[in-house]
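**Q** Whenever a hint applies, use it, and build me the whole structure from the sequences.
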Amino acid sequence: MVTLLNTIDTGHEDMIHGAEVDYYGLRLATCSSDNSVKIFDIKNGSQTLVADLKGHGGPVWQVAWAHPKYGNILASCSYDRKVIIWKESGDWVKLYEYGNHDSSVNSVAWAPADYGLILACGSSDGSISILTCNVEFGTWDSKKISNAHTIGCNAVSWCPSTVPEPGFDQKTIRSGNIKRIASGGCDNCVKIWKEDQDRWVEESRLEAHSDWVRDVAWAPSIGLPRSQIASCSQDRRVIIWNSEDLTTWTPLILHTFDDVVWNVSWSLTGNILAVSGGDNKVSLWKENNENQWTCISDDSNASSGASEQRAL
Amino acid sequence: MEEDPVITFTINDELCRRAGLTAKWINGHQLSVAAYNPITSTTKDRVSDFAGQNEVNIFHLTTEFIFEEPILRCLIAEANGVYLAVQDLKRQGTQSDYVKISRTYRSIIRACLEKLEEEISNEEISEEVKIRFQNYITIFYSIECVWHLCEILYIDTAPSNIVVPQLLEWTRFHFPSYERIATELLLYEREANTSEDYWPTVKGLILQGQIEVARAILQLHSLSETTAFKMAEQILKTMPVYNVYGGLSIQKFRSQWHYWLTDTELKLSAGILSSEPELEEIVKLITGNQYSWNQQIKQSTCWYEFLSGYLFYTEPACKYFELGSFANLWINRWANEMGFTGSGFLKQLDRVILSVMENDMNQVLHSIQKIGDNQWFVTHLTDLLYHCGQLQVMGEQKKNIAFSLRDALLYEFGSALMSRDSLWMMGVDYLEQCSEGAAAMELLLTKVPVENERQALKVIEVAKQRGLSSVEREICRVQATRSMANERYGNALEWAIRSKDAGAVTAITDFFLTNYSKTGEMLCPDVLGNIGGKMFISPRLVFLVKYFDFHQFYKRREFIEAAKLLVNLLNSKITPEYFWPSLLIDSIPLLESKDPKMPSKETFVILQHLEMELTPLIERSKKQMEKAGDKQPHILKDYRMENIDEIVKLIRLACARNLARAIVIENTFIS
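As given, the protein sequences belong to chains A and B, one line each in that order.
Mapping the first sequence onto full-length UniProt numbering, position 7 (from 1) lands on 7, and the numbers just tick up by one.
Mapping the second sequence onto full-length UniProt numbering, position 126 (from 1) lands on 126, and the numbers just tick up by one.
Quick caveat, the hints were computed from the structure, so don't treat them as lab data.
Hints are supplied without guarantee of correctness; some may be wrong.
[Said to hold, decoys possible] With a straight-line cut-off of 20 Å between C-alpha atoms, the simulated DMTMM-like cross-links for lysine to aspartate or glutamate are:
(1) 447/B x 22/A
(2) 43/A x 68/B
(3) 43/A x 453/B
(4) 281/A x 14/B
(5) 194/A x 136/A
(6) 43/A x 451/B
(7) 203/B x 280/B
(8) 447/B x 114/A
[Said to hold, decoys possible] Have a look at the derived ranges for each label pair, beta carbon to beta carbon:
(9) 295/B x 293/A: 46 to 56 Å
(10) 196/A x 574/B: 25 to 35 Å
(11) 298/B x 43/A: 55 to 65 Å
(12) 256/A x 362/B: 22 to 32 Å
C-beta: ideal position from N, C-alpha, C; glycine also.
**A** Here's what the structure looks like:
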């Protein structure tokens, strides 16, 4: 069933914290505790190092590719409190540097491309910054949600731009202009932020986790009149939040794992959720027609000794 | 229903083992896995405990996808055509339409199997490929077998649901060896019984209910004129065969059958065939003698090989709803004779066939999802059964969930195809038929890796046909950005216009204009000359196109027209700030012309713009630069400080001189 397509030796000197493939799956960006960001061409199963970007003065936690309609643009965030936006124009160059956080920046996420070139950044100082590029003039504007999560914000994820707006004919009207962000933090909460004129306001506060929330992921919209957010926490649980009107959210505990859960990731059409955590396993979950979630696959690292990967 | 086992895949990586791991979806079918260590608020800015000890790897995992193999791609493409034909019938087709479609699907599978077998027999292919192809053969042979059974039981149903005649045909098709040898034997004529295959073949034919062929071969026996053979022939000939079209009611048939049976058994016990034990065995089989059948069971290769033959001799009027219990009785008997115990002796295909016979649709669909064909079979079969009204699947609340099941399968299959580079176009056909397909299509179409313009146009065409204008716009926008990066500016402008993104058009137009004021060269004149009405998407583009027109007039020496247009542009209020110097410089040659091209009124306009727009602009920029302590030699992007004053002076002078000439001429003319 599952096969190993390729193994990419990143050549980083220390742990990597993020590995993102670009929009078309042709390039891979990685970031590491060795303070560098690397970009690889991964076409046709081969790997070629295209760029080794040095600009951060601390471990780089996350990288994110912008939509290709804005060109080849990559954002990175680091322990050095900086967010750097890189652009390929011939060579890779620093396009913009944002330094208005008081602590490590943990997460960066680009808004749906329809909204423009907009980046959300979540930091350990508890705030979330939203950076907007004026593409015409190449200038950047920033807004800040201060004290979004006490002690710190760990993850940010944007609401897709094509969620059917509640109360309207779902086929025609889209939420279009109302931007939303989900964030998870050290106050054990998942929060939903909504842009209201030129401010960002808290729309919902989702409380069900009993420990720090490590990751949030807003599911891609496939035209259904519902929204889903997956969140995972140090309380070892993954919760799927469902809403039909974007205001009331019902939690559904997907599973309580044996160990802390660090990351959740939705597949392209939102039908499979990948969950990974401290138990050294990646498991895949799928929702059936009766809205029940079942584990369809496990993907664990070898307990050493084995010389090759095995399909069990 | 048994719990499905969770599939586990193991990655061997030392760093992952020590640190932990994380996973992220790349696209529809790829998962990226890497070693991971979480960051916390107390994580220090120093090298981690894992630094420099192990290779730092990223693993890309994918689910196996068999349709990248050219032979199978052929199958999927041909089947796609049939699938589209099913949709065209809109559930209005007749039974014979659907039977025909089902057979077409099967013939596609058959052709594929033959091709695979041909490949395997090829000496040149590697062992690895051979094994892979053998595996495909197993998969598609199972599909063919189950499909055929489903076809006769669900689609090509006989009147009053009699199943035995079709089951016989199904068995013959899937166990063709007896028939094949029989054909050879018929060619031998009289010496047929010298072949060691003779009796096994006759018996095999009887076991498959092929009495006519068996009789023909018995005729070829050198002793066929003896009494024993003649008696046997008589018995075989007179055996009543149930025929739903025969006009006999089932009761009448039964009494006829019993009469024949009693008669035959009497003959057997009288020992009239004892001189020919093989013949006697055959006649015992057709009377349904338990012992003889049990002896034969031991020769069978799988449980259902002789089931239909047995039913033919013992329950010829068996109906579909009874088939399940007969099948179960038979399977127990079979297992008993073979010495199997427990439940593990049935292979996957065996179980699926039993489920079909039991008419347990839920189980059938559940099992065939795991056949290893990326759900090709379950999707197409479900779709076909749904279309001919034969899909009855009960959900939790005893509701028929046929529609939603088909929907979900089409969705999954379509999405899977769409996330594969080369099959996305087919994927569209499946997504189109399911209720949530449009949104998924929109999402997936923009993700089709577009490497060149031809591919982009292909995706755009598909999007256009489906009315997905947002997809079209997005792809155009990406193409515009790429063309800019590749310095194909005219192309970029055209894509941007097509994307209807005014911002992008403006940005590219700015590039054209600044490039002109820097170099004095107009980029891509052929593109600019053909923009026409599309220029109204952006005022900046309107300006560019009009400015380009001005150049054209000038080139053709239509100075009066050029002058008019230039003044219009000056008055237009859409001149970008940075372009004022350029635009005003352009007026100099017209102003300096010996015979005036600019009337006095227009000359005033130029002067006015010079004083009201350009001069204040220059002043403002100078001040700004002083304030910022900036010692740049450039102003307004591209003009050198010392030049700009010179330019202003030149324009003023040109205006004055032209004004003098113009006023003289104008006044002369009036008087």
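**Q** Determine for every hint whether it applies to the structure shown.
**A** Do the hints match the structure? See the list:
1. 447/B x 22/A: Given that 20 Å is the threshold and the Cα spacing comes to 10 Å, the pair holds.
2. 43/A x 68/B: Status holds; Cα separation ~17 Å.
3. 43/A x 453/B: holds (18 Å)
4. 281/A x 14/B: Status holds; Cα separation ~14 Å.
5. 194/A x 136/A: Violated, because 25 Å separates the two Cα atoms, which is more than 20 Å.
6. 43/A x 451/B: holds (11 Å)
7. 203/B x 280/B: holds (11 Å)
8. 447/B x 114/A: Satisfied, since the Cα-Cα distance of roughly 15 Å is no more than 20 Å.
9. 295/B x 293/A: 46 to 56 Å: holds (53 Å)
10. 196/A x 574/B: 25 to 35 Å: holds (34 Å)
11. 298/B x 43/A: 55 to 65 Å: The hint (55 to 65 Å, Cβ to Cβ) holds, given that residue 298/B and residue 43/A are roughly 58 Å apart.
12. 256/A x 362/B: 22 to 32 Å: holds (30 Å)
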